[in-house]
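Peer 1: Here is how the chains run, residue by residue.
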Amino acid sequence: MTDATQMDRREFVRLVGGGIVVVVTLPLDMILDPRVPQRGQRGYPTDINAYLHIAEDGTITLYSGKIEMGQGIMTSLTQMAAEELGVTLEMVHIVMGDTASCPWDMGTFGSLTTRMFGPAVRAAAAQARLVLIDLAAKHFSVPRESLTVQGGVIIVRGDRTRRVTYGELAQGKQITHTVDERAVLRAVKEFTAIGESPTRLDGRDKVTGAAQYAGDLQLAGMLYARILRPPAHGARLIRVDTSAAQALAGVTVVNQDGLVAVLAADPETAAAGLKLVDADFDVPAPSVDAESIFAHLVEAAPAPATPDAAGDLALGRRMSAKTFDVTYYNGYVAHAPIEPHTAVAEVMNGKATVWSSTQAPFSQQTTIARAIGFRPDDVRVITPYVGGGFGGKVPGQQAVEAAQLAKITGKPVQVMWTRAEEFFYDTFRPAAVVKVVSGIDAAGRLTLWDYQVYGAGSRGSDVFYDVPNRSVRVYGEWRGGPDGYHPFAVGAWRAPAANTNRFAAEQQMDLMAAAARMDPLQFRLKNTTDRRMRAVLEAVAKACAWTPRAAPAGSGRGRGIACGIDAETYVALAAEVTVDRSTGAVTVDRVVCAQDMGLVVNPDGARMQMEGCIAMGLGYVFTEEVRFEGGKVLDANFDTYQLPRFSWVPRIETVFVQNDALPPKGGGEPAIINMGAVIANAVFDATGAQIRRLPMTRERVLEALRTV
Amino acid sequence: MPETIRFTLNGRPATLETDADRSLLWALRTDLALTGTKYGCGEGVCGSCTVIVDGRIVRACQASLGFVQGKTVTTIEGLARGGRLHPVQEAFVEHGGYQCGYCTPGMIMSAYGLLLENPTPSRDEILEGMEPNLCRCGAHTRILRAIETAARRMGGRND
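Top line first, the protein sequences correspond to chains A and B.
Okay, so the first sequence: first residue is 1 according to this note's numbering, each after it adds one.
Okay, so the second sequence: first residue is 1 according to this note's numbering, each after it adds one.
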C-alpha cells in the first residue's frame, strides 16, 4: 500500500511489542460487496484486513476498524475470534475504531460487519490457532495432530501434564503471520462460542454510567464550543458582530473563514456568549415545503437508473385481467440518535487527535486532515462508544469543527451539537414518491410490474416475485440527486431506500390480493418461487397462526403481512392492529418477525436488532416527518418531532429460519424495512382503507377512512 | 454571581462555588466529572439526564444548582454500592435493556425513581412512568421486562 494513512505492518508490530501478530489477506471480492459504492473511498487494504495480537502475557487483542453503536458487534466479533482461537470470551480484548491501531475500514453501516468483516476475524483467529499449535508441536516435539486446545491451553492428548498456554508460547516471540489462504474454520457442530448468547460485553459499562462516549472525555483546559448557525440551509452570512460576546468574561470568540464560535470552560457560558453574537443572514425564499416536495421530486428528477427490466410492459398490460395504478409518498425522516453528534479534538505538535461519535473513523481521518491542512497520518481518530447512528453519523462535520477550533485556539475543544443543531444538520432519509403500475391475470398471477421511485433510491426495489413483464426505474439515489433536488442534506437511514420501497411494493401486493379475493399470504406464495422467501413467509405465518382469508375484514381489527430482502437477509413481518375509526388512532397489538439471516452468531443479539427495528420503525410509520419551509427546518426537538414511546410498542415475537449452511448475513436493518407496509396492510384489513403516505398520522388515517 | 452550593451527591458532600442559575446537568458533567448523566435534548423531553433529587425523578437539564442546594442527589454513578450493581442495573444487563447505551443511565434512574415512589408497580404503572423517556434503538420491551424483574427481586423494598 502506498497510501500514507495505511499503517505500516512493522510499525504496528513495534507498537504492540512482542508476541504474535496475525494479519489476514483475503481476496478483495470476499470483503467488498459489489453493491456498496466505492466512489470517493479508498479500497479495503489488500494486505491487511484484520489484526489479532497475542501478547507475551497471554492477552489476546482483536483490532477492528468497526465501531460499537448499540448493534452488539463488540460481543459478536469477540465471539467469532474466541470460537476460532479456542479461548473463552474473557480472554479476548477488542479495540475498535481507532485509526492508529485498527486496520482500515470503510465504516460501520450497511449491516456489513458480520457478513464482511466477520470472515476476516474468523480467518485471523483460525490462523492464530494454527500458528500456536505449530509452536506447541515444536515445544513438545510432537506432531500437530497429537495436540488439542482448551480455553487457550494447548495440551498433548493423553498426557494432561504436558500443557502450555498461548501466553507462554508467545513469550520471547516476535512473529508476524500472514494468512493468505482461507484457514480451516471450525464447523457449526463444533461451535462453543458462535451460536451462543453471552451477556453483552458492554453491559456493565452501560448500566453504571462508566461507558465513555465522545462527549464524556475531559481533557485539561478543554473548552466547550457553541457555533453560530444559519437560520436555514442555503443562507449566507452577510454581517456578524462578536463584540458583545467578546466582552463576556471567560469566553473565547473565534471568527475565521466563516466559522463563528464562542468557547468557554462550560457549555452554558459558551451558549450565553453565542446569544450575544449579532449576525445577519441572507435567507433565500423557500421554494418547497413538506407538501409541495412530492411534485418537485418528480419534476426535477434526474434520469433514471434501470436496475431491472424484463419482458414487455405493453404485453404485460394486455395480459392483465386487472391493473392497479397507485402512487405512494413519504416525507423526510430524521435519524435522531439520543447522543447528538459530538467530538473532542486536541491539536499538539502538528498532530491532531479527535475522539468522535462516528460510524466512519477512517473517512473522518481524511476529512479532518483536509479541513485543517494536515497529512492524514498526523490525524488520529478514536471512536469511543457511539450513542446510536442509524446511518446518520458518517459525514463528520462536528469532528471537523472540533479540530478546526482546537487548531485555532490551541486548546482541546469539545463540540457537542445541541438537539436543534442535530435536527438541522441531519442527513435525513429522503422524501420520496413511488409510482407503481401492476397487473394480475384472472388466476391471480402477476403479469405486470412497472415501478418508478423518485428520491428514495434503489435498495429494496428488487423484484423477487415472478413477474414476466417488469421494469424498475430509480430516479436519484439516497445520497441525494442533482443540486437543489432536496432542500437540505439527505443520506443513509437504517436500510436506506428499502423502507420506502417495501412500503410501496408490499402494499401494492395486498391491493392486488384483495382484488383477486385471495389471502395476502397465499397470493405472495403463489407469486414467488424463491425458496428463502417462501420459508420466511411460512415461518411468520406459522408463528402468528395465520388463517387464510381475503382482506379486508373491515372489523376495525386487522392483520397484515409484508416481506423483503435486505443485507442478504430474508425477512417477513406479520402485524395485528386495532383502528379507532373516530380518531384515526392505530394501535399495534402484535408484530411477529421471521428472519433467515444465515448462520446466527449471537441469537439474542440478533433478536435485539429485530426488536429494535420494529420499535424504531413505529416512528416512521406513525409520526416521524420533518417539517420544513425551503431550507428552514421547523423541528428542533422531540416535543414536535415524536419518536416512538413505550406505550406504542406491541408484543414482539422473533423467529429464525435456521440456515446454518449459509454464512452469517446482515442483522441490523432487515426487520425495519417492512414496518410501513405491514402496518398499512393491517390497517387495510381492519378498515378497507389504504394509507398511501407515511407517516400515517391520525389525520391521514381519517382522510383515508373517508374514501372507503 | 458565584455562591456556595452545598448538597449531598451520591452519599457524599459536594460543594461548588459557582452561579446558582447553572444547570445541574452541566455542573455534574463539567465541574463534577460525572458524565454518566447525559445531554439528549436540553428541554426535559427525552429523559437521558434523569437523576434523583430527594427521592424524586428530576431532569437534570431542567434543574438549577440553586434547586439542589441542601438536597440529596443520586446519579447513575451512585447506584451501585461497593462494586455491586443495584437490582435495576443487574436486570438491565440480564435482559439486554439497552443497545447504544446512551439513554440507559436516564432509563435506569427513571426506573429506580419509579420504584422509590411505587415499589410494586403494575405493568401499566411502569409503562406510564417510563413513557416520557426516549430510546431510539428500540430496547423498550426489554427495558420493561428488566424493570418488572427488578421490582420482583426487590420484593417491595425500594432502596
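Incorrect hints may have been included.
Facing chain A, from chain B, some residues (calculated, C-beta under 7 Å) [said to hold, decoys possible]:
#, residue
1, Glu17
2, Gly36
3, Phe67
4, Phe92
5, His95
6, Gly101
7, Leu134
Quick partial rundown of chain B residues pointing at chain A, CB under 7 Å, derived from the structure [as the list claims (entries may be wrong)]:
#, residue
8, Thr30
9, Met130
10, Cys137
11, Met154
No wet-lab data here; the hints were simulated from the structure.
Model, not experiment: these values are computed from the prediction.
In this text, a Cβ means the ideal position worked out from N, Cα and C, and glycines have one as well.
Peer 1: With 7 Å as the cut and Cβ atoms as the points, is Met130/B at the interface with chain A?
Peer 2: holds (5 Å)
Peer 1: The hint names Phe92/B as touching chain A; please verify it with the least Cβ-Cβ distance against 7 Å.
Peer 2: holds (5 Å)
Peer 1: Given Cys137/B as an interface hint, is its Cβ closer than 7 Å to any Cβ of chain A?
Peer 2: For Cys137/B, the interface hint holds, since the closest Cβ of chain A sits about 5 Å away, which is under 7 Å.
Peer 1: The hint names Leu134/B as touching chain A; please verify it with the least Cβ-Cβ distance against 7 Å.
Peer 2: Hint on Leu134/B: holds, closest Cβ of chain A at ~5 Å, below 7 Å.
Peer 1: Does His95/B hold up as a contact with chain A if the rule is Cβ-Cβ below 7 Å?
Peer 2: violated (10 Å)
Peer 1: Does the interface hint hold: is Thr30/B within less than 7 Å of chain A, judged Cβ to Cβ?
Peer 2: holds (5 Å)
Peer 1: At a threshold of 7 Å, is the proposed contact between Gly36/B and chain A supported by beta-carbon distances?
Peer 2: holds (2 Å)
Peer 1: Holds or violated: is the Cβ of Met154/B closer than 7 Å to a Cβ in chain A?
Peer 2: violated (16 Å)
Peer 1: With a cut-off of 7 Å, does the beta carbon of Phe67/B approach a beta carbon of chain A closely enough for the hint to hold?
Peer 2: The hint is violated - Phe67/B has no Cβ within 7 Å of chain A, the shortest such distance being about 15 Å.
Peer 1: Restraint: Gly101/B near chain A, CB-CB cut 7 Å. Satisfied or not?
Peer 2: With Cβ-Cβ at 3 Å, under 7 Å, it holds.
Peer 1: How about Glu17/B: closest beta carbon in chain A under 7 Å, or not?
Peer 2: violated (14 Å)
In this structure, the earlier hints numbered 1, 3, 5 and 11 are contradicted, and the remaining ones agree with it.
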